[in-house]
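Undergrad: Below, each chain spelled out in residue letters.
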Amino acid sequence: MASSLASARLAAADEGEAMELCHRKGWTDGLPVVPPTPARVRAMLEGLGLEPDHEIAYVAHRAVSITAEKVAINAVMAGCLPEHMPVVVAAVEAIGDPRWTYHGPGTSTAGAGVLIIVNGPVARELDINAGDNLFGPGWRANLTIGRAVRLVMRNVCGSRPGTLDRGTLGHPGKLSYVIAENEAESPWTPLHVERGLRPEQSAVTVMAAESPHQFYNQLSSTAEGVLTTLADNMRISGNVMGQTQYVLVIAGEHMRTIAGSGWDKPRIREFVFAHTQNSHAHLKRTQRMSGAILPEDESRMRPLCASPDDILVVAAGGRAGAFSAFIPGWGSARASLAVTKEVTR
Amino acid sequence: MIEILDPTVQPGAGDPATGPTWAPRPDSLAGRRIGLIENTKHNSDRLLQRIGDLLKSEYGAAETRMWRKRNSSVPAHEEIIAELKQSCDVMVAGIGD
Numbered sequence: 001m002a003s004s005l006a007s008a009r010l011a012a013a014d015e016g017e018a019m020e021l022c023h024r025k026g027w028t029d030g031l032p033v034v035p036p037t038p039a040r041v042r043a044m045l046e047g048l049g050l051e052p053d054h055e056i057a058y059v060a061h062r063a064v065s066i067t068a069e070k071v072a073i074n075a076v077m078a079g080c081l082p083e084h085m086p087v088v089v090a091a092v093e094a095i096g097d098p099r100w101t102y103h104g105p106g107t108s109t110a111g112a113g114v115l116i117i118v119n120g121p122v123a124r125e126l127d128i129n130a131g132d133n134l135f136g137p138g139w140r141a142n143l144t145i146g147r148a149v150r151l152v153m154r155n156v157c158g159s160r161p162g163t164l165d166r167g168t169l170g171h172p173g174k175l176s177y178v179i180a181e182n183e184a185e186s187p188w189t190p191l192h193v194e195r196g197l198r199p200e201q202s203a204v205t206v207m208a209a210e211s212p213h214q215f216y217n218q219l220s221s222t223a224e225g226v227l228t229t230l231a232d233n234m235r236i237s238g239n240v241m242g243q244t245q246y247v248l249v250i251a252g253e254h255m256r257t258i259a260g261s262g263w264d265k266p267r268i269r270e271f272v273f274a275h276t277q278n279s280h281a282h283l284k285r286t287q288r289m290s291g292a293i294l295p296e297d298e299s300r301m302r303p304l305c306a307s308p309d310d311i312l313v314v315a316a317g318g319r320a321g322a323f324s325a326f327i328p329g330w331g332s333a334r335a336s337l338a339v340t341k342e343v344t345r
Numbered sequence: 346m347i348e349i350l351d352p353t354v355q356p357g358a359g360d361p362a363t364g365p366t367w368a369p370r371p372d373s374l375a376g377r378r379i380g381l382i383e384n385t386k387h388n389s390d391r392l393l394q395r396i397g398d399l400l401k402s403e404y405g406a407a408e409t410r411m412w413r414k415r416n417s418s419v420p421a422h423e424e425i426i427a428e429l430k431q432s433c434d435v436m437v438a439g440i441g442d
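Residue numbers (our numbering), protein chains in the order written: chain A, 1 to 345; chain B, 346 to 442.
Any given hint could be a false lead.
If you anchor each label on the Cβ, the simulated ranges turn out as follows [as the list claims (entries may be wrong)]: (1) G318/A - W367/B: 28 to 34 Å; (2) A63/A - D434/B: 19 to 25 Å; (3) E51/A - D434/B: 39 to 45 Å; (4) S373/B - S307/A: 47 to 53 Å.
Just so you know, these hints were derived from the structure itself, not from any lab.
Even for Gly, the Cβ is constructed at its ideal location relative to N, Cα and C.
Excised from the complex, chain A in its bound form:
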């Protein structure tokens, strides 16, 4: 590595004192962090072959350059291993992409998390969980990669709760919100391939997102039955009027039921798009749409998303249990779009 680490250095008596120093400086998410010593930060960068001053992303709204060095420091603090860094870097590239539009999801009172969906060989190599307890604890890669991204947002982009992160409620996914697609068992085209990459490439797809909304269907043995329940749960969700993107997370039992009916991802999208529309009259009656109710409003329908393509379908979750989830995107698709980036190693 030619250039040296440029960040300011602070001294602490030992590891424990360094962890407390990080808390006192306001650098943490509330949980203890691994002290970012120069040796640990160098190990993160060496795995990537990146110079410390290499710019990973530039967030125009904040006029801030996110360098490899700052990403590495925050990844160390989050508990990442050097092999996790390529995924962290790809996710940081995604939140710096103008289509993701950092300012809104990074700041908004609506309190978006950064949902990171990992596809391709890297997910299996790094043991990124795609199965049981999908959004829960138990997997180092899932918890540390997303945590590193959030620490970059906090420490580099200034998204601190109460100042430039004004989330009214936030949600637990703002600590870490990383899943992989269960490509090994899924009968469907993986998300990253639908979004233009090859199956053997690795990728992250990053969406500004609400928390997961779980739904039950323990009754039906058909795709139409399961997805009718999903659509009924989903019809009034998220920013109903905003027309956000959505992620559907279809877990094992539902995946097998839907695939057993011969349905692929495009057909799922079309069905859910068609069955999540609301009448203007209902939206006005429930104080979501402004204006007086007109006779034609009873039959005039507003789609929940602008297009079926705004519904991203992911096969993930435990093998057992007739549950799946939908995840509303933040705000509106006009204001922030899901972005897919290749993970390069």
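Mind docking chain B on chain A? Use the hints.
TA: What follows is chain B alone, placed relative to chain A:
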């Protein structure tokens, strides 16, 4: 004794060690031209116009003019910034939810 690296960056222009640099603040609003940037949310235009009116009636600002961003999530676009630089001394941006 161990050494750790600072994970933070001061957002904005200027020296990372000292933080962002701000445009100089006027001593008084008397006779100043006020730019208002509206972010498209419901009533943000009414809120900002009310603020602009108060800046005129109570602080002696000369005039107000309002621009509208493309949507609330994006920065003010270049045309707005260019026109603001030409025609305003002070700018107020805000939201009404």
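Undergrad: Hints first: check each against the structure and report whether it holds.
TA: Evaluated hints:
1. G318/A - W367/B: 28 to 34 Å: 52 Å, violated
2. A63/A - D434/B: 19 to 25 Å: 22 Å, holds
3. E51/A - D434/B: 39 to 45 Å: 43 Å, holds
4. S373/B - S307/A: 47 to 53 Å: 52 Å, holds
In this structure, only the earlier hint numbered 1 is contradicted, and the remaining ones agree with it.
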